[in-house]
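Undergrad: Protein chains in written order, with numbering that gives the first Met the number 0: chain A, 0 to 157; chain B, 0 to 596.
Keep in mind that the hints were calculated from the coordinates and are not lab data.
Any given hint could be a false lead.
[Said to hold, decoys possible] In silico BS3-like links for lysine-lysine, alpha-carbon gap of 25 Å or less:
no., chain 1, residue 1, chain 2, residue 2
1, B, Lys5, B, Lys34
2, A, Lys139, A, Lys150
3, A, Lys150, B, Lys580
4, B, Lys147, B, Lys160
5, A, Lys18, B, Lys247
6, B, Lys495, B, Lys465
7, A, Lys95, B, Lys589
8, B, Lys465, A, Lys150
9, A, Lys95, B, Lys465
10, B, Lys536, A, Lys101
[Said to hold, decoys possible] Sample of chain A residues with no beta-carbon within 10 Å of chain B, all distances over it, derived:
no., residue
11, Ser6
12, Arg12
13, Glu26
14, Ala43
15, Pro74
16, Arg102
17, Thr111
18, Arg116
19, Cys124
20, Asp147
21, Ile152
22, Glu155
[As the list claims (entries may be wrong)] Just the calculated beta-carbon pair ranges, DEER-fashion:
no., chain 1, residue 1, chain 2, residue 2, range
23, A, Ser19, B, Glu337, 24 to 32 Å
24, B, His6, A, Ser19, 52 to 60 Å
25, B, Asp62, A, Ile73, 37 to 45 Å
26, A, Gly25, B, Gln476, 40 to 48 Å
27, B, Glu586, A, Ile73, 31 to 39 Å
28, A, Met72, B, Asn63, 48 to 56 Å
29, B, Ala340, A, Ser19, 42 to 50 Å
30, A, Asn54, B, Pro304, 30 to 38 Å
31, A, Ser6, B, Thr564, 23 to 31 Å
32, A, Pro74, B, Ala537, 53 to 61 Å
33, A, Arg12, B, Ala185, 37 to 45 Å
34, B, His6, A, Glu103, 28 to 36 Å
35, A, Asp8, B, Asp576, 51 to 59 Å
36, A, Lys9, B, Ala185, 26 to 34 Å
For every residue, glycine included, the Cβ atom is placed at its ideal position computed from N, Cα and C.
In case you want the letters, here they are:
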Amino acid sequence: MVNIKLSDDKIIRIKDICKSFNNEGGELINVLHKTQSTFGYLPAEVQEIIARELNVSLAHVYGVVTFYSFFTMIPKGEFPISICMGTACYVRGGEKVLDEFKRELKITVGQTSDDGRFSLSCLRCVGACGLAPVVMVGEKVYGRVAPDMVKDIINEYK
Amino acid sequence: MAKFKKHILVCGGSTCHSLQSHIAISNLKAILVEKNLEQEIQIIETACFGFCSSGPVILILPDNTYYKCTSPADARMIVEEHFISGKKAYDLMLAESQIDGLASNPKLLASPKKQIRIALRNCGNIDPENINDYILNGGYLALGKVLKERDPQQTIDIIKKSGLRGRGGGGFPTGLKWEITSKSQADQKYVVCNADEGDPGAFMDRSILEGDPHSVIEAMAICGYSIGASKGLVYIRAEYPLAITRLKIAIAQAREYGLLGDNILDKGFDFDIELRYGAGAFVCGEETALIHSMEGMRGEPTFKPPFPSVSGYLGKPTNVNNVETFASIPVIINKGAEWFASIGTEKSKGTKVFALAGKINNVGLIEVPMGITLREIIFEIGGGIQNGKKFKAVQTGGPSGGCLTEAHLDTPIDYDNLIAAGSMMGSGGMIVMDEDDCMVSVAKFYLDFTVEESCGKCTPCRIGNKRLYEILETITQGKGTMQDIDKLKNLSYVIKDASLCGLGQTSPNPVLSTLENFWEEYIEHVTVKKCRSSQCKAMMQYIIDAEQCVGCTACARNCPVNAITGERKLAHLINQDICIKCGACVEKCKFNAINVK
Ligand SMILES: Cc1cc2nc3c(=O)[nH]c(=O)nc-3n(C[C@H](O)[C@H](O)[C@H](O)COP(=O)(O)O)c2cc1C
Ligand code: FES
């Protein structure tokens with residue numbers, strides 16, 4: 000796990016988010032969504048503050064964070080790469096595209112490259128099945144990706 | 000829409016959006032301004048037309064012409080050819096074969112031979128961010144009618160008589176569900192719209208919410224009135240940002256028009272809607288898990304009964320329905336239960352939206368009457384299999400469903416027939432596979448999904464599915480035995496019988512249906528160690544044909560693991576112990592000298 004020291008103004012920002020949901024335990028998932036979109040990820044230190052503010056146990060917060068795949072406890076790369084592994088993309092060769100990304104970046108799913116620039120993850124259907132196989136880099140969607148396009152995609156961000 | 004002579008409808012559905020449809024809009028706008036046409040021609044951003052593989056798509060009305068508009072040059076050509084010289088920009092028009100059959104073709108509305116649009120009636124025809132457009136197309140009429148002319152029980156009776164069944168997968172009669180919730184006594188009740196759409200490869204609900212959010216809002220209000228609830232919640236996937244934005248806009252507009260809030264249409268009925276976000280867990284589509292997730296907890300299912308209609312969100316009676324189920328409600332109220340019940344089969348009424356994807360020519364959304372055959376969907380509407388390959392299977396029902404074959408192509412599709420054939424309706428994902436797909440690998444793909452998505456609460460699902468996956472892994476690696484196949488079958492039945500929720504009770508279906516329909520493929524994998532679709536890498540060998548090889552060294556230079564050796568101008572050789580079967584050599588060989596066996 001990544002150990003970080005939170006700065007005072009970050010702590011205030013997290014408390015503000017909790018307050019905007021009335022510090023209510025039932026709003027935990029909304030609080031986590033908001034916090035993750037502000038900070039990029041949810042390290043243990045952040046979870047501790049949220050647990051205290053919402054007056055729920057840290058185990059409960061941790062349980063929820065680890066249950067949902069949308070939440071992450073490790074920082075993503077500067078350019079997060081997500082490969083769609085939905086059924087439509089799978090039957091049109093998504094796995095081969097994933098293999099190529101792994102080979103090019105020398106990381107596996109869930110990891111971030113050493114220079115912190117790229118991270119690799121899988122998604123289940125982004126709803127653009129007509130363009131299968133689909134790859135997302137940040138918010139940008141690449142459709143009909145073939146393994147031999149992978150190098151060019153990565154180079155766009157180098 | 001009146002004061003403009005022509006309209007350009009631009010698809011703003013997720014697929015076209017990701018193909019930069021918003022840039023197409025600014026391109027078109029710029030050229031209209033340049034040509035002084037901006038007072039005559041209006042640009043409207045709508046939602047999915049259904050031609051998702053050819054975007055960004057635009058439709059010109061009233062001429063009914065579809066174009067693909069990718070670049071500024073395309074936009075210029077369309078404006079100059081279509082509007083100024085009055086011809087058509089033929090190069091950019093979508094092919095007839097693509098347009099025929101697909102959901103939004105206005106011609107089809109006149110002659111609804113194969114498709115009938117009920118849930119999708121407005122998708123692609125109206126501006127989803129403008130409530131007036133919805134109202135002009137008959138929106139909120141049903142809510143008004145119900146509030147003025149019907150009491151709650153009469154409304155429920157209409158839905159019951161229509162024969163509408165839940166479109167989220169289970170197929171439970173909607174009217175009956177409303178009636179049970181209405182009879183549960185409580186100080187507060189809830190209407191929940193299930194927009195979690197977890198089936199990977201399905202995008203029906205997303206398209207409805209992006210294209211016609213008001214239809215869902217209107218129906219939720221009607222439901223609230225019928226069951227006696229004043230609060231509605233939409234549980235929507237965080238992965239659908241566009242749908243969330245449009246839904247938020249629509250809710251705000253409905254409040255402004257007094258169609259949500261206190262004392263709606265002066266009839267003393269209060270109703271309002273809030274959004275709740277999913278966070279990427281498939282099991283949260285299951286209604287009890289969904290409710291726990293809305294309460295801010297881990298989305299783990301609980302045993303039923305009690306059903307949500309008796310004790311749901313915060314312990315109060317809660318009516319959960321799917322997006323598409325809701326979208327059909329206003330039409331049923333407006334056109335009558337008899338009209339709706341006249342469409343479809345004896346036990347499954349009305350239409351179903353399917354997301355057609357996979358190895359098919361026309362990928363997109365379709366809405367067809369119940370009782371249509373798979374053959375009509377795949378070969379007539381879908382335009383057949385890509386690249387002239389042979390049809391092998393079609394998967395319906397997602398991870399809970401099964402693979403159907405050639406033999407099922409002429410079965411009329413409804414809830415009961417699909418279950419009898421070993422699959423299920425599911426939420427409407429339909430993935431077409433061709434001869435290149437290995438069915439053992441497909442079963443493994445679904446089990447991989449289930450293993451990842453199982454919440455872990457009950458043992459048969461948590462451990463059983465993992466074991467199923469491992470056995471399938473052994474078989475695809477060429478190490479399987481006949482006993483493994485027996486084990487697969489027995490374990491599948493145990494998991495189905497002993498699991499707590501619908502996830503585990505259906506997760507072995509992809510295994511059982513492929514065992515049933517593609518038995519020979521399993522046998523080939525374990526006895527002769529052969530994968531007829533050349534998908535299982537462990538059983539493949541890449542071999543260089545010494546007669547064809549000219550010794551150009553292209554393969555050796557491109558091999559990522561240096562498994563290929565040989566002198567220049569002499570035949571090369573692949574070391575099978577090193578080869579990782581990536582196929583890079585085959586792609587680089589210009590002489591077709593490398594064979595896969
Ligand atoms: C594992 C699992 C996943 C489900 N996913 C969904 C879903 O994504 N969307 C949905 O509407 N219903 C889903 N359902 C069905 C719901 O539990 C529920 O039956 C449905 O929302 C009821 O609405 P309906 O009667 O209108 O179909 C799922 C069920 C199970 C067991
Ligand atoms: S399966 Fe990949 S976008 Fe739908």
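Undergrad: Please go over all the hints and tell whether each is borne out by the structure.
TA: Status of each hint after checking the structure:
For a cut-off of 25 Å, the pair hint linking Lys5(B) to Lys34(B) stands: about 15 Å separates their Cα positions. A threshold of 25 Å between alpha carbons decides the hint, and for Lys139(A) with Lys150(A) the separation of about 16 Å falls inside it, so the pair holds. With a C-alpha separation of about 19 Å, the suggested pairing of Lys150(A) with Lys580(B) holds against the 25 Å cut-off. Between Lys147(B) and Lys160(B) the CA atoms are separated by roughly 20 Å; this keeps the pair inside 25 Å, and the hint holds.
Between Lys18(A) and Lys247(B) the alpha-carbon distance is near 22 Å, which keeps this suggested pair within the 25 Å criterion. With a C-alpha separation of about 14 Å, the suggested pair Lys495(B) and Lys465(B) falls inside the 25 Å cut-off, and the hint holds. Between the alpha carbons of Lys95(A) and Lys589(B) the distance comes to roughly 21 Å, so the proposed pair stays at or under 25 Å and holds. Taking the CA atoms of Lys465(B) and Lys150(A), the gap is about 34 Å. The hint is violated against a cut of 25 Å.
Simply put, Lys95(A) and Lys465(B) have alpha-carbon atoms about 23 Å apart, close enough for the 25 Å limit, and the pair holds. Restraint check for Lys536(B) and Lys101(A): satisfied, since their Cα atoms lie roughly 17 Å apart, inside the 25 Å limit. Separation of Ser6(A) from chain B is adequate, the least Cβ-Cβ distance of about 26 Å exceeding the 10 Å criterion. Under the 10 Å C-beta cut-off, the non-interface status given to Arg12(A) relative to chain B holds; the minimum distance is some 20 Å.
Under the 10 Å C-beta cut-off, the non-interface status given to Glu26(A) relative to chain B is violated; the minimum distance is some 6 Å. A cut-off of 10 Å between C-beta atoms confirms that Ala43(A) is not in contact with chain B; the least separation is 18 Å. Taking the minimum C-beta to C-beta distance to chain B, about 18 Å, the non-interface status of Pro74(A) holds against the 10 Å cut. Not every Cβ of chain B is farther than 10 Å from the Cβ of Arg102(A); the closest lies at roughly 7 Å, contradicting the non-interface assignment.
Every CB of chain B is more than 10 Å from the CB of Thr111(A) (nearest about 19 Å), matching its label as outside the interface. The beta carbon of Arg116(A) sits about 22 Å from the closest Cβ of chain B, which is more than 10 Å, so the claim that it is off the interface holds. Here Cys124(A) does not stay apart from chain B, with its beta-carbon only about 4 Å from theirs, under the 10 Å limit. For Asp147(A), the non-interface assignment is contradicted: its Cβ lies about 7 Å from the closest Cβ of chain B, within the 10 Å cut-off.
The claim that Ile152(A) lies off the interface holds: its Cβ sits roughly 14 Å from the closest Cβ of chain B, which is beyond the 10 Å cut-off. The claim that Glu155(A) lies off the interface holds: its Cβ sits roughly 15 Å from the closest Cβ of chain B, which is beyond the 10 Å cut-off. A beta carbon spacing of about 50 Å between Ser19(A) and Glu337(B) contradicts the range 24 to 32 Å that was offered as a hint. In this structure the hint that His6(B) and Ser19(A) lie 52 to 60 Å apart at CB is violated, the actual value being about 41 Å.
As the Cβ distance of Asp62(B) to Ile73(A) is approximately 53 Å, the hint placing it in 37 to 45 Å is violated. Gly25(A) and Gln476(B) have their C-beta atoms about 47 Å apart, which keeps the hinted 40 to 48 Å range intact. For Glu586(B) paired with Ile73(A), a C-beta distance near 35 Å keeps the hint of 31 to 39 Å intact. At roughly 52 Å, the beta carbons of Met72(A) and Asn63(B) sit within the given window of 48 to 56 Å.
Against the hinted window of 42 to 50 Å, the Cβ-Cβ separation of Ala340(B) and Ser19(A) comes to about 48 Å, which satisfies the hint. The hint said 30 to 38 Å for the Cβ distance between Asn54(A) and Pro304(B), and at roughly 32 Å that hint holds. Remark: the range hint 23 to 31 Å for Ser6(A) to Thr564(B) is contradicted by a beta-carbon distance near 58 Å. The supplied range of 53 to 61 Å is broken by Pro74(A) and Ala537(B), whose beta-carbon atoms lie about 36 Å from each other.
Restraint check, Arg12(A) to Ala185(B): a C-beta distance of roughly 39 Å satisfies the suggested window 37 to 45 Å. As the Cβ distance of His6(B) to Glu103(A) is approximately 45 Å, the hint placing it in 28 to 36 Å is violated. For the pair Asp8(A) and Asp576(B), the supplied restraint of 51 to 59 Å holds, since their beta-carbon distance comes to about 58 Å. The hinted range of 26 to 34 Å is not satisfied by Lys9(A) and Ala185(B), whose Cβ atoms lie roughly 43 Å apart.
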